Amino acid sequence: MLVLAISDAHIPSRAIDIPSKFKKLLSIPDKISHVALLGNSTQSPEFLNFLQTVSPNISIVRGEFDKSSIIIDTHESNGGSGNYEEKNIPLVAVIKEGDFRIGCCNGYTVVPKSDPLSLLALARQLDVDIMLWGGTHNVEAYTLEEKFFVNPGSCTGAFSADWPILNDSISNNITDIETNKKDSATESDDITQSEDGSEQLENNKPDTKDEEQEQEDKNATLEEESLNEEDISISEVEISGSNVPSFCLLDIQGSTCTLYIYMFIDGEVKVDKVVYKKPTDE
Amino acid sequence: MNMFFKSPIDVEILLDGEESRKHVDVPITTGSANSLRKESLPLIEDGESLKGIVTLRVREGKRVEHLGVKISVVGSIDMQKVGGVTPSSASKGSSASSNASNYSATDSKKRQVDQFLYLSYDLCPPGELQHSQSFPFTFKDLAKMYESYKGKNVDVSYYIKVTVTRKSTDISKVKRFWVYLYNDISKTPSNLTTTKTGTRKIINEFSDSGKDNNDKPKETNSASETNENNNEQSKDTVASKENGVVPKPVKLDIGIDNCLHIEFEYVKSQYTLKDVIVGRIYFLLTRLRVKYMELSLITRESSGVKQNSVIIDTTSIRFEIMDGSPVKGETIPIRLFLGGYDLTPNMSCNYFTVKNYLSLVIIDEDGRRYFKQSEIVLYRTR
Amino acid sequence: MSYSESVEQAISNIKQQTVLMQRSLNNRKLMDALKFTSAMLTELRNPRLQPKQYYELYIQIFDSLTILSAYLVENHSNGHHLADLYELVQYAGNVVPRLYLMITVGTSYLKIPESPREEILKDMIEMCRGVQNPIRGLFLRYYLSQRTKQLLLPGDDKDAIEFNSQFIITNFIEMNKLWVRLQHQGQLRERDQRTKERKELQILVGSQLVRLSQVVDDNLELYKVEILPILLEQIVQCRDVVCQEYLYDVICQVFPDEFHLKTLDSLLDTSLQLNTEVSVTKIILTLINRLNGYIERIQQNNENKETNGDESKSENVPKDTFERFWKHLLKLNEERPDLSVQELSGIILSIMNLSLTWYPNNIENLDQLFDLVSQKCKDFGEEKIDDSESFMVDLLTAQNLEIVKDFSVYYFNLITQCGSFQTLLSLQSSQSQMEVLTTIINSFLDRIMSVNLKQTEDHNESPLLIISKTQLERFLAILEPMITLKNTIKGNDEGDETIKREFTLSRYQEKLAKICHFLIQRLDKSVFKTIESEIELLLMIKNAFHKGGKNIRYTYPAIIANFWRMIRKCSIYKKRIIKKETYYDNLMKQIFKYISRCISDMFNNCGNSSMDIIYKLNLQNAALADQLSLVDISYDFFSEAFGVFEESLSDSKTQFQALIYMAQTLQKTRSLYKENYYNSLIVRTTLHGSKLLKKQDQCRAVYVCSHLWWATEISSIGEEEGETTDFFREGKRVLECLQRSLRAADSRMDNVESCELMVEILNVCLYYFVHGDEQNTHVGVSYINGLIELIKNNLKSLRLEEEQRLSEIDATNKDSNDGTLGQTYNKNQYVMGLDGTYIKLGNVNNSSSANTDFMIKDMKINDMIQVPIMHFNRTCEYILNQRDIDNRFKTVVL
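Residue numbers (this note's numbering), protein chains in the order written: chain A, 4 to 285; chain B, 713 to 1094; chain C, 40 to 933.
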């Protein structure tokens, strides 16, 4: 069973669309059984219709820029424009898939924002094994207290008004998580799968990292001589303050959840894999 | 009758070189039934001497006394109806008898009205024939006034007759022959032209047996073309005959008010029998739905006393020249080979005339026929 | 002789006669054979045959006559001289069989070397006039044409070609006449039937032109001087629609395209003389397709030459082709004022196709064309244009033109360089305009999404770049109808309908928002070098969007997002270009002012439904400004947000969420500590939280606000828990908040919810407990233990309270349903969400969460009790687990 976790499209206010390569990847009918739409993605009927084609089974939670309800043209996929339905968008939702209970929320009502402990408390409250959240526009995936936390980032790489992740910090998602773990002063179990995944994620990073640094070096040298804007090239990532466009797929088989992280970097889609197993009661 | 009595003398008339001579097939009629059987007659040309041998054969051991043997050549015009009497079976076949023993060489139904040729001389004086004997004969440079003709009401026939005169019944034998008269092209008969006034006159007089002309009832759909009406009409056409001298193409411009207007043209008005009729029809106006158009050659035999002449038309050729309905401006070609048909050249004498007409017939979708006849002259050339 | 009654009979008769004919031929009895042939030909006289049936018979007869012809040719020298036979067969009494025979013999004769070809050919074609019936005549002449195919005059000399072409033309003319005439045969009411029959027969006529083209070959001079004029004259004269359309098409198809190019004027002039019912569009389209084929070939040739390094200069493309069409178009428009807009637009579309193929870079041509249509539209007035919508859309979008490889470039050029395109668009109905604009916008968006931007920029060949303000102005002018599109529905309508309209409206506005990003992205950086210049253009877009009135609620967020991007750029420049720090500070302030202006526009125009959005935009601005240390600006935005919150957010649910969001935002601020801004803001927030309408909302808001006194690390600015020492933390205030929150929970009348809230507070306490010692957090073990005790007691009393009722239910259940009771207690069935909503979870796998209002209707009381109990149990479990890691947890008493 595949669950698509996708968030923060901000279409049309901040982005035109998700990368067409993403679209192609997702445009395989009957492959994905459930879509978890983690907020800020409901302003575009067009995008919603697209998701409808990915899977008619969509759970939406409210992001700060979603209205409290949406209008869905329920017949759009059939080419007709017949029934319009108004649906309330909840703050949180729980999906049951395989042996997992999956909680979804945008996290704009989680204070402090994206705080692992707060999220952990929420997961406890919702009694879920996997917590999907969004709002930060940055991909994250970690295990805490035997629970799995996934933030698919922004599928469009939309502008984020959060503190920009500057320079080297982009590559530090995972280390952030590790720091968080230390900070929380809780002793996390050895979750080998997760760490494997982390390594993979990190392995992928150097490309961007190097580039960033090169750029930075270049800029640094230029700084001395030039004072003109045109001489400074600013990457999209720097402006949007967000990570690259990304989404996640959760492949759930019984008590195993394999997480695939799709990122759109320099025109290419990169995929990382993290495996999470539900701990047995013993 | 005479078939039952065996003639004591067998008479045979044989022309010189008859075997190699050209023959003409003439249809014969036995009794009243029409038959396609044909009789082959030797052909003699105008002015040609008639030479041959008459052989009289006597039966073995018999002697036949006679009062002289005479040979004669006869040309006669025979007619079934002379006129005045309504012809009852005028169109029925009438044929010259082939029976040699008969006195009359012609059909019993046809009576001789004129014998324009009679030459005769004795082949041998009275005496006794003991064995077969041959007598050559010659009619030198025999002039023949008319061509042989076998028509519906009129025949022109030629024959040689050998008569053995006896005290009892004469024994005679007839041998028919056929005569062609040839015309040179230079010496064409000059009996037909169409003057300009003639042309003008007949505009709008295009014959329509079906509807318009002469207060005829509209619904008549007679397909007959042997009507008096037509005859009267065509009088106009030929009224002006004998005037012209030079042969000209036949050109006519005819029509029916607001319905049809055509111009047609035959290249010549006179044709030899092996000629080709060439012409064209130009449609100036057609509001008719034409089904087809045909060209017929009509041979008109008129005979008898002028006031009560018997006129018989025979359609010698029917030839479709157009299929479908043309529009304004179309020109339809005419080409009719005559050589393949057995046609009669024009003839004229006191007792009868044979004339030929080309009839252009247009048949519309409703079966109505519109036609126009124009006389042409056919003549025989060598 | 007469023909058969039915087609089947006719076919079998033909077969039979063919057998007889062949037998006679084998016995060398030609006359008999001709007789049988004649008999079979009689079938072709049948006037009742449909064209298709006639064709069937014709095919059979054609084959039979081929046998005869072969015999005739073979036996020409021994007995049957074909000249004689040619005469002989003409004795046939009926014209149709006669002519078939004649042609058979005649064409056989043509195969004999010494035959008088010219005469025979002339004679045959002349005699064919005898058949004036359309169907029979057409087939007869087709027969003539088929039979003479290889037998026209030999040789390539001029005379022979002329004679041959003359022969074919003559036949063609006659066939055409017959074909046209067919229309006027029979009953008037059968006209349609006739037209159908004619279409079935058209190929016979068309084949003549094919033959002609083969004979003419590449003899342009002959074609131009002697052939085309005659053909065109015929076409014009017949005045028949079917014929004119068909033959024009055939001429265009069968003759080489370079001929058409050379004779373009006469082709075009002739088209003016055609029957007015003839679709001029179709004719011109065909012609243009041919000419386009020509140009494509030339271009290919040229490419080949270039690749072959061939020095011989590539063939030149005539420069005036468009001009010629244009002149023609003007003439047409003048002479045919009756021509509908639809027809005209069809023609123009074709000519556009031509222009785009021949002169792909010439936009002026298109401008002229659009101008003409605009003129026409104006002449016709508005009411008539409505009927013409779909073709107008076709014309404007050019979607059917294959030549346009990249529509985005095409539209881009049209918009930026072709003024009359906009004029024409503005004359259309609103619906058409939307359709056209949607297509255009989609093309841009598709392109920008599919092309890897980085690549194109690297290669410096991305054509879609806006290089001047004028261009942008044109863009905005084009978009104006969409910007100002009104949701025309008034209140009286059905609610559903309004929703639908709103839905459609929002779709168009979505496009606009997207195009705003597109425009900004496509600014040519070599022209618009500075941020200032970009800002100027963005302001232009903003002003254009402002005309949309209420619609700005859809479009302004996009504008604002672009301003944000500029702000962030400034911040980056500011860091890199140290000398201009103040310049960028001022610039950023300026941009914030523009944003502020945008927000207040929205506030003034958009009404209540957008207040929540406005509120959040303010907060995001505040956050951004804070990040940039623009303290005053940040504070102003926060104040604005409070203003909106206090005055315009009335719905309690919205208020609650808005307030939490405020807390979240504030918790991440760092620069507001100066001037006590932060303090006043968080106090105000907490105050608002404690004043929320519902007790449970108060409770939750307040415990959330406790975090405002407990800053946590923001790793992206280098903060790190344990390392950073200057976090804003006031544990005392935290505790105050928690206590206050607990009071609210306690005063909640609903026991179940009260318990749940306490468990939630317990969890918040644990958060702080993890974070530090009691002297910092003021949340100590004793406090936690007290809270646990409280919860336990409450839960106990809750159980007691409900036990009675539960046992009653149990009893009834047992009575009715022995022993199945256990299933009703599914502990996982419900949980409570962040805002106090119950979330029901189905038992079945994969069933999605059902999350409704505060009360789920069929929810049973025992289910509700389970919610706080289970939550508490989970919390306890967590505490137990933590004991392994953190000894302090061992002091927590469970």
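Please keep in mind that the hints were generated in silico from the structure rather than gathered at the bench. Since we're looking at a predicted model, the values are computed, not measured. Beta carbons: idealized from backbone N, C-alpha and C, even for Gly. It is possible that some hints are incorrect.
Stated by the list, open to error - Below, in silico cross-link-like pairs of lysine-lysine (DSS-like), each with a Cα-Cα straight-line distance of 25 Å or less:
#, chain 1, residue 1, chain 2, residue 2
1, B, LYS980, C, LYS91
2, C, LYS263, C, LYS358
3, A, LYS70, C, LYS707
4, A, LYS90, C, LYS358
5, A, LYS27, C, LYS444
6, C, LYS68, B, LYS750
7, A, LYS150, C, LYS929
8, A, LYS90, C, LYS707
9, B, LYS986, C, LYS74
10, A, LYS90, C, LYS879
11, B, LYS1040, C, LYS263
12, C, LYS525, A, LYS70
13, C, LYS929, A, LYS70
14, B, LYS963, C, LYS161
15, A, LYS24, C, LYS444
16, A, LYS70, C, LYS74
17, C, LYS235, A, LYS70
18, C, LYS161, A, LYS281
19, C, LYS238, C, LYS188
20, C, LYS589, A, LYS70
21, B, LYS1003, C, LYS235
22, C, LYS879, A, LYS150
23, B, LYS1003, C, LYS238
24, C, LYS197, C, LYS238
25, B, LYS1003, C, LYS929
26, C, LYS161, B, LYS986
27, B, LYS980, B, LYS960
28, B, LYS750, C, LYS74
29, A, LYS90, C, LYS589
30, C, LYS235, C, LYS91
31, C, LYS444, A, LYS26
32, C, LYS733, A, LYS70
Stated by the list, open to error - What follows is a set of in silico ranges between Cβ atoms, one per label pair, in the way DEER data are often shown:
#, chain 1, residue 1, chain 2, residue 2, range
33, C, ASN644, A, LYS90, 23 to 31 Å
34, C, GLN226, B, LEU893, 52 to 60 Å
35, A, SER236, C, SER786, 54 to 62 Å
36, C, ASP71, B, SER732, 27 to 35 Å
37, B, SER752, C, LYS74, 23 to 31 Å
38, A, THR259, C, ASN832, 39 to 47 Å
39, C, GLU571, A, ASP254, 47 to 55 Å
Cross-check of the supplied hints:
no. : hint                              : verdict
1   : LYS980(B) - LYS91(C)              : violated, 43 Å
2   : LYS263(C) - LYS358(C)             : holds, 21 Å
3   : LYS70(A) - LYS707(C)              : holds, 24 Å
4   : LYS90(A) - LYS358(C)              : violated, 61 Å
5   : LYS27(A) - LYS444(C)              : holds, 22 Å
6   : LYS68(C) - LYS750(B)              : holds, 24 Å
7   : LYS150(A) - LYS929(C)             : holds, 22 Å
8   : LYS90(A) - LYS707(C)              : violated, 32 Å
9   : LYS986(B) - LYS74(C)              : holds, 23 Å
10  : LYS90(A) - LYS879(C)              : holds, 17 Å
11  : LYS1040(B) - LYS263(C)            : violated, 30 Å
12  : LYS525(C) - LYS70(A)              : holds, 21 Å
13  : LYS929(C) - LYS70(A)              : violated, 45 Å
14  : LYS963(B) - LYS161(C)             : holds, 24 Å
15  : LYS24(A) - LYS444(C)              : holds, 21 Å
16  : LYS70(A) - LYS74(C)               : violated, 94 Å
17  : LYS235(C) - LYS70(A)              : violated, 61 Å
18  : LYS161(C) - LYS281(A)             : violated, 99 Å
19  : LYS238(C) - LYS188(C)             : holds, 24 Å
20  : LYS589(C) - LYS70(A)              : holds, 17 Å
21  : LYS1003(B) - LYS235(C)            : holds, 23 Å
22  : LYS879(C) - LYS150(A)             : holds, 21 Å
23  : LYS1003(B) - LYS238(C)            : holds, 24 Å
24  : LYS197(C) - LYS238(C)             : violated, 35 Å
25  : LYS1003(B) - LYS929(C)            : violated, 121 Å
26  : LYS161(C) - LYS986(B)             : holds, 23 Å
27  : LYS980(B) - LYS960(B)             : holds, 6 Å
28  : LYS750(B) - LYS74(C)              : holds, 23 Å
29  : LYS90(A) - LYS589(C)              : holds, 23 Å
30  : LYS235(C) - LYS91(C)              : holds, 11 Å
31  : LYS444(C) - LYS26(A)              : holds, 23 Å
32  : LYS733(C) - LYS70(A)              : holds, 21 Å
33  : ASN644(C) - LYS90(A): 23 to 31 Å  : holds, 27 Å
34  : GLN226(C) - LEU893(B): 52 to 60 Å : holds, 57 Å
35  : SER236(A) - SER786(C): 54 to 62 Å : holds, 59 Å
36  : ASP71(C) - SER732(B): 27 to 35 Å  : holds, 30 Å
37  : SER752(B) - LYS74(C): 23 to 31 Å  : holds, 25 Å
38  : THR259(A) - ASN832(C): 39 to 47 Å : holds, 41 Å
39  : GLU571(C) - ASP254(A): 47 to 55 Å : holds, 50 Å
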